[in-house]
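Residue strings, one per chain:
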Amino acid sequence: MSERSDIVIIGAGPAGMACAIEAAGKGLSAVVLDENPAPGGQIYRSVESVGQKRLDILGPDYAKGKALVSAFRETAGIDYRPCSTVWNIGSDRRVEFSQGGRSFGILAGSVVVATGALERPSPVPGWTLPGVTTVGALQILLKGSGVVYDDAVLVGAGPLLWLLAAQLVDAKTPPKAIVETTPPRHVLGLLPQLFGSLAAPGYLRKGLSMMRKVRRAGIPHHSGATNIRIEGDSQATAVRFESRGRSHHIASSTIALHQGVVPNQQITRLLQCDHFWDDSQKCFRPLLDERRQTSIQRVFVAGDGAGIEGAASAEMQGRLVGLLIAAEAGHVENERIDSLQSQLKREASVRPFLEKLYAPSSEVLSPADETIVCRCEEVSAGAIRKAVDDGAPGPNQVKSFLRTGMGPCQGRVCGLAVASVISQRTGKPPEDVDYYRIRPPLKPLQLSELAAYDGASPDKAVG
Amino acid sequence: MVSLIDDIEGQITFLFEGQPVTARPGDTVASALAAANTRHLRDSVVSGEPRGVFCMMGACFDCLVEIDGVQNRQACMTPVADGISVKRQRGGVEVAL
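Read top to bottom, the protein sequences are chains A and B.
In this text, residue positions in the first sequence follow our numbering: the first is 1, and each later residue adds one.
In this text, residue positions in the second sequence follow our numbering: the first is 1, and each later residue adds one.
Pulled out of the complex, with its shape left as it was, chain B reads as follows (with noise of 0.2 Å):
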């Protein structure tokens, strides 16, 4: 199971899959993910196999989430804000025509 350190109250409200979760200031959208016990953050391009957090240091992208419409955003590398929507990748990127 995942717990927290310190006594920070969440202060920051974010959406992943439409949900809403609480973020501390410093978090990325990675590590807010990986305290609300968040495993699953896409689904391979390839396989379709589930992938989550791997190298939390921007090097693997297997973290990679859509961020307001945007995909291919690293997870562990954008820090959360208030009001975001994050969702699963799911699969390859469509171009919208």
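The shape of chain A in the complex, shown without the other chains (with noise of 0.2 Å):
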């Protein structure tokens, strides 16, 4: 027989832990699923280990997380299983997962879905070449091991590019240069949604404070870059641009990317629920309920897989959905629940700001031709279009035409970029273009496992 629980949690960030903390303090039995060794999810990623050092460079932001890791850790009735990776939710709310090279199914009265955000496609020339990386893949290099470069060209979009520079000027290996795809100036006309931020003043300080740092540090920073590509054979050796009507050449073994975060779809997909498209916010988002139920009963969303709102949001909602559920069963606490909610809002004030300030450049919406688009199956942004010309509507036939999004990634990194093409090349929005179908198993797993779970599937307890 599989197991059951009041509530599986999958993900260990904030979301994730808030959301067992506050459903365990009420008694229900909460399983939490992350495949990290260690709860924190990426935010808050290794912040029980790190030394003085680390803490210092990450910042108070960031040490910030040791209160809630301890909290997640001492209560009482949290069944934490680390290193533990789900490949399929069945329609009964049966979660399946590999841990240690076997497959277990917990049957869960409610899922609360806490992945997080990936970072949005960056499609460039050059950018599988090995030394080209995610802004977010250096800052878990930072966090989880110390390990840093100092010769790392920052290029994209996004209050991370900001944030990893100056903590790399506090590591004293400040990044070689920052090449912004933002506009100069862009900031002036903004200023409706600026004056909509100023409830959540706390951020616009942290920014205006992270750019003095990178700027007294003497980085070289280019704005409004554009033709952007990456150089090298069999390792990046350079990045070239164009920046106020000027060529850029800078020699790097080390670029990173960053476009900002996108939701992380797969489960939300796998489980069909609802989707719809945010143009602020250029992706898409499962349809939420008031209490962060999606259209499939039961299975709720905590956190930034539910659309952009950072780490202090996600914990608040972690502990929404954990106090909402709780309050079906009797546990209710109205007060903090509407305390929750009138901080959740006034914590999301500052994203319209911040989402026209960094809206994506159109190159990465838009790649050349020429530029790949799938990584995985190294499928080109001209051949989507051609296969978009030859008939296929949205990015599942595309998938058939020429293999998008069915390597290894199953579309994790790709699927926002080739919507995205499709859409540009049919006229139609994203949202009739629509989004990958996502199958089981959500990521691969050997099949002598596969064949070894009996997991009590219904067909076995029948049979």
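Worth flagging that the hints you see were computed from the coordinates, not collected in a lab.
Wrong hints could be hidden among the right ones.
Unchecked claim - Capping the alpha-carbon separation at 20 Å, the derived lysine to any residue pairs in SDA-like fashion look like this: (1) A:Lys172 <-> B:Val2; (2) A:Lys172 <-> B:Leu4; (3) A:Lys26 <-> A:His331; (4) A:Lys53 <-> B:Asp7; (5) A:Lys53 <-> B:Ser3; (6) B:Lys87 <-> A:Ser234; (7) A:Lys386 <-> A:Gln424; (8) A:Lys53 <-> B:Ile8.
These two chains come separately, so use the hints to put the complex back together.
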């Protein structure tokens, strides 16, 4: 027989941990499945184990994660299972996952998807070369292992670009340059959104202080960069781009790309939850009701997996979902629920400004014909456009024609870029173009493991 | 060039392409190889072009390596362990008969 649990939470970042703390605190059984060996997600990655030096570099917002992780560890009744990869969720809410080379199934009263965000694809020529990473990857190397490169060039748009640059300055390995796709002095046109964001002034203060630190360190900064291409034969050797009417060439073996983060839709798509296109965030989001429940009964989303709101909001959303599920079991805490709802509104007030300021560059939304979009199967934007011209109306048909999204990453990286290329070619809005249909297993698992899995499936119980 | 922030000694030794690499507790195979300034982790199954670490968080599958004879392991999601043998993944998976 499968185990049962009141709640199965997928992901041990701020949202998943906070949800487990609230639910288990009210006596509900809560299983937390997470792929990583320690809690924290990407935002608080390794926060329990880093030394003072790394804590100082990563800053107070990162160090804050320590308290949340300790509370998570200390709350009785949380059944935390690290190194667990969820590979399927059935319509009966049986969550199937792999841990240590074996697969297990747990029947969940409620499923809470807390799988967070991924970096938006940044397809530019040369982005598959070794030495080219996401900006997030460089930050993970810094958080997890204290690994830094002294020649990093950070390319793209978004607050993470400046945050990592400031952290690298503090680590005494400042980036060689910042190449922003954001147009110069763009901020002046955003005064209405800036005014709206004053309810959450902490973000603006933090942003300005990061930028000041980077500027004071004398790091070359280019804005409005276009025609970005990474050079190299077997590994990145330079980045080339144009900015303010001039061509630039910066030699480097470490080039990190970033165009903001977007919800990780893999599980909500697998469950065929309804999604909508958010034109402000330029991404798909699962449709949620006021309780953060998806269109599928008893499947909830907490954190950035439902739209990008940041780590503080993710934690509040996790608490909210935990409290709401506990309320159904009779543990009603209306005051805390109301207070979390209003705090969440305040936190969200900075988003319209950030989304306008750091809108993804048109170059990554509509890459040149020769640029590879699907990294796994090496499919170019031009090939996708040709498939559209030949009659493929959406990502699933392009997938059948060209194998986009059929490699091991299963469209995690290229999905939004493929949808965007198709949308622009057909003239249809992204919502009508739709997204890849996601099928189990969510991540590859060995046939021997699948064969040995007995998961007490309904068929077996009957047979 | 790559460098390390802390002065933690490497305590774990594993093999990459037959050569010993030292790693520290908490490292993944990918971060240990990054610290050793190794960028090329596999060859693409389509063009054979070299690939390395890209996302470091288990999403992109660009860091697939062979560990102790098992292919398709995500280097960024696999904690290092003493004595493991890691190899570059070359091309497609061959099924042993």
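Hints and how they fare:
Between the alpha carbons of A:Lys172 and B:Val2 the distance comes to roughly 12 Å, so the proposed pair stays at or under 20 Å and holds. A hinted pair counts as satisfied when its Cα atoms are at most 20 Å apart, and A:Lys172 with B:Leu4 qualifies at roughly 11 Å. With a C-alpha separation of about 7 Å, the suggested pairing of A:Lys26 with A:His331 holds against the 20 Å cut-off. A distance of roughly 10 Å separates the Cα atoms of A:Lys53 and B:Asp7; the hinted pair therefore holds under the 20 Å criterion.
As the CA atoms of A:Lys53 and B:Ser3 are separated by approximately 14 Å, the hinted pair is consistent with the 20 Å bound. Restraint check for B:Lys87 and A:Ser234: satisfied, since their Cα atoms lie roughly 18 Å apart, inside the 20 Å limit. Distance restraint check for A:Lys386 and A:Gln424: the Cα-Cα separation of roughly 13 Å lies within the 20 Å cut-off, and the hinted pair is therefore satisfied. Of the supplied pair hints, the one linking A:Lys53 and B:Ile8 holds, its CA atoms being roughly 12 Å apart against a limit of 20 Å.
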